[in-house]
Amino acid sequence: MPMANAKQIVDYDAMPDERGHFGIYGGRFVSETLMQALDELRDAYREFCRDKDFQAQFDADLAYYVGRPSPLYYAERLSKSLGGAQIFLKREDLNHTGAHKVNNTIGQALLARAMGKNRVIAETGAGQHGVASATVAARFGMECVVYMGAEDIERQAPNVYRMKLLGAEVVPVTSGSRTLKDALNEAMRDWVTNVDDTFYIIGTVAGPHPYPQMVRDFQSVIGREARSQILDMTGRLPDALVACVGGGSNAIGLFHPFLGDESVAMYGVEAAGEGLDTGQHAAPLCAGQPGVLHGNRTYLMEDKGGQIIETHSVSAGLDYPGVGPEHSWLKDIGRVTYTSITDDEALRAFHQLTRIEGIIPALESSHAVAFAVKKAATMSPEQSLIINLSGRGDKDINTIARIEGIQL
Amino acid sequence: MSRLRTCFGHLHSEGRKALIPYIMTGDPHPDVTVPLMHAMVKAGADIIELGAPFSDPMADGPVIQAAAERALTFNITLDDVFQAVSEFRKLDDSTPIVMMGYLNLIEVAGYINFARRAAEAGIDGVITVDMPPEEADEYVAALRANRIDPVFLIAPTSTEQRIVKIGSVASGFVYYVSLKGVTGASHIDADSVREKIETIRKKIDLPIGVGFGISDAQSAARISACSDAVVVGSAIVKRMAAHQKHNPEQTQRVINDVSELLHSMRVAMDAKPAEEMTKTA
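Going down the list, the protein sequences come from chains Y and B.
Take the first sequence: its letters are residues 1 to 408, numbered as in the working numbering.
Take the second sequence: its letters are residues 1001 to 1281, numbered as in the working numbering.
Certain hints may be false.
[Unchecked claim] No more than 20 Å apart at the CA atoms, straight line, and that leaves these computed lysine to aspartate or glutamate pairs for DMTMM-like:
{"#": "1", "chain 1": "Y", "residue 1": "Lys-304", "chain 2": "B", "residue 2": "Asp-1137"}
{"#": "2", "chain 1": "Y", "residue 1": "Lys-331", "chain 2": "Y", "residue 2": "Glu-345"}
{"#": "3", "chain 1": "B", "residue 1": "Lys-1180", "chain 2": "Y", "residue 2": "Glu-40"}
[Claimed, not checked] Covered stretches of chain B, as calculated for chain Y (at least 3 residues, CB under 8 Å):
{"#": "4", "stretch": "1126 to 1133"}
{"#": "5", "stretch": "1144 to 1158"}
{"#": "6", "stretch": "1207 to 1221"}
These are computed hints drawn from the structure, not numbers from a lab.
Yeah, the Cβ is synthetic: ideal placement off N, Cα and C, and Gly gets one too.
All chains, full assembly: derive it from the sequences and hints.
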C-alpha cells in the first residue's frame, strides 16, 4: 500500500531529542559558562517530571492559584455573524494575571525553589511574562529582576507599575532596538554573571535546551483542557486551531496535545506589522530564514550577513525576531500552517471581539482572532474552530487610544 | 605548521607568554583597523584577536557591545573582516589572527564557505562564543579541513568532564574565561585562575590563554605568570571609544594610545619572575 506508507508517522511526544533538537532546530548555543547550568536545569526538570509530589503541587497551583481549568467559551454571536464555523475561545485571559504566561512561571518557580535558587530573572516584551514572573516570585518570596526594553516600558506602563507593586525590580534595556530581543540579551548577561544563585525564567518556547521543551510542557495544559472540553461540548475534535505566534508559547501550548490528531488543522499567526512587503513586521516563519540566536537554531529575521534586524508590531508581545524551534520544525514538516496578520487587521479584530462578545482581547491574541474570523467564514457551520485567547486587552487600552487619537 | 603553533612554540622556547589584544573590526572607523593591527604587533602583541560585529552580542559587556554598534554603523560584515586580514597579510605573514564572533554570521555564510574564505584571507583560528563542543561537529570539520584552529572557551563553571570534551575538539589554544560574567568586568582573582589552570593542564595539552578582566600591566603580568597567554579586550576597546572623530590625527592618537597600553603590558610580562615569584610564594 504505497499511499499508506507515503505518510511518515511522526511521534510528536518524542521531540526534542536528547540534546534538545527538533529536526535541525533547537539545540544549545550559549557561552560555555552557561552549559553546566543548563545541564543542571535539564536534570532537575527530568526529576520534576518523575516526581509525583512535584506534579501534584504544580496541578494544585494551576487549579487554586491560576484558576484552571480556563473555560472554553462558545462565541455564539461572533460565529453567527460570520455564518461559518462555530468559534470557541480558550479563555487564557481569565487566568490569574490575565494571560497564559503564568502557567509557565508557576512551573519554573517551583523548579527554581527545588533547585535552591532564590533569585529569579526574566525578560519581558508586553510585560505579561514579567508580571507573571513577579507574581510567582512574590508568592514564593524570591528576589525578582525583570529586564524590559526601554521602548516597551513606554508602551506598557501599567504592566511596569504592576511588576513594581509586586516587588520586582524592572531594569530598562537601552541597547540595540530597546525591545524584547535586547531584554533577552541583557537577561542572559545577568544569568552568566549570577549563574550560581539565579534561575532564569524564560517566558517562551525559545532559548537553549531544555527551555523550549520545558515551557511547552508547562503550557500544554491549555491544549489538554481544550481537547477534552471541545469533546464534551461538541462530541468531536475541532477542525481548526488558531493561535498567535511571537515566541510561540501559547500556540505550542494549544497545538501540542492535538498534533497527533491528523484531522485538526493548525494555524500559527505571526505579526505582519505594516505588511510583510514593507519589511516592518515580526514574522520570521513567514518571511525569515533559519539562523542561531538566543541559544537555539530557528527561523529569524536577519539580513544577508546574519545581523538580526529590527522588528515591528503594534503588539509588544509579538515584537520579536525569532520563534520557538519546535514551530520552525512544525513549519518545515508542514504540520502547522503559519500565516500573518497586519497591525490594522489586528486592531479591527480587537474591536470586533470586544463589541460582539464583550471580551477585550490582548493585541497579541487579536492577531489570532483576526485570522480566525477570516478562516471561519470559509468553513461550514458544522465545523468548529478554537482560538487561543491568550491574554486580556486591558494592558493595551492606552496603546489603542493613542493610535486612534483618543485622550484618556 | 599552523601560525598559532609556531607562535606558541617560539614563545615557549624563549620562556615568554603571548600577549593577545582584541579589537573589533571597523571600530572606531574601518580605516583604523589594519594600521592598528600592525601597530599592536610592533607594541608587543603576539597574536591578534579580531572581532566580527554582531547585532546581539549576548556574552559581551557594555564596552564591546558599544564597539559592535559603532562597527555596525559602517555595516561591517564578514567580508570586511576577511578583507582587513588579507590587507594585513600583505605586510605580516607570521602574526596569527584569531577571529572572534557569534555563530549566526557563520551559519548564514555556511560553515564550509566561511572556513574556505577565512583561510584564504589568512585567518588562523576562530572563536565562536555561542558554539559549544556539543553542537560543533560540522563546524570543527569545516575549519579543520581548511587548516583553521577551532579555539574554544573554558569557563569557571566547566566541569572536568566538560574540560575533557573541549580538549577533544579544540586546537591552537584554549581560552579560559577568568570569571562568571560578560566581557569587561573589572576584577580578576589570580589565585582562583591559577587553580583552574592547573586543572585544565591535567586534561588538555594545548596552550592556555586567559581573558576577561585583564586591564593593565599588573594584571597582565600576574595572569601570564600562570598561563600561556593573556587576552586584553575591553581595556583596549575603551580607548577606541574616546576617539570617535575620524581624521588622520585621531587615527594616530588611537594607535598611540593602544600601543602604549600594550607596551606596558609587554614590559611587565617579560620582566617577571623575581618580583612575581616572591609575591606568590
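How the hints compare with the structure:
{"no.": "1", "hint": "Lys-304/Y x Asp-1137/B", "verdict": "violated (24 Å)"}
{"no.": "2", "hint": "Lys-331/Y x Glu-345/Y", "verdict": "violated (23 Å)"}
{"no.": "3", "hint": "Lys-1180/B x Glu-40/Y", "verdict": "holds (16 Å)"}
{"no.": "4", "hint": "1126 to 1133", "verdict": "holds (count 4)"}
{"no.": "5", "hint": "1144 to 1158", "verdict": "holds (count 7)"}
{"no.": "6", "hint": "1207 to 1221", "verdict": "violated (count 0)"}
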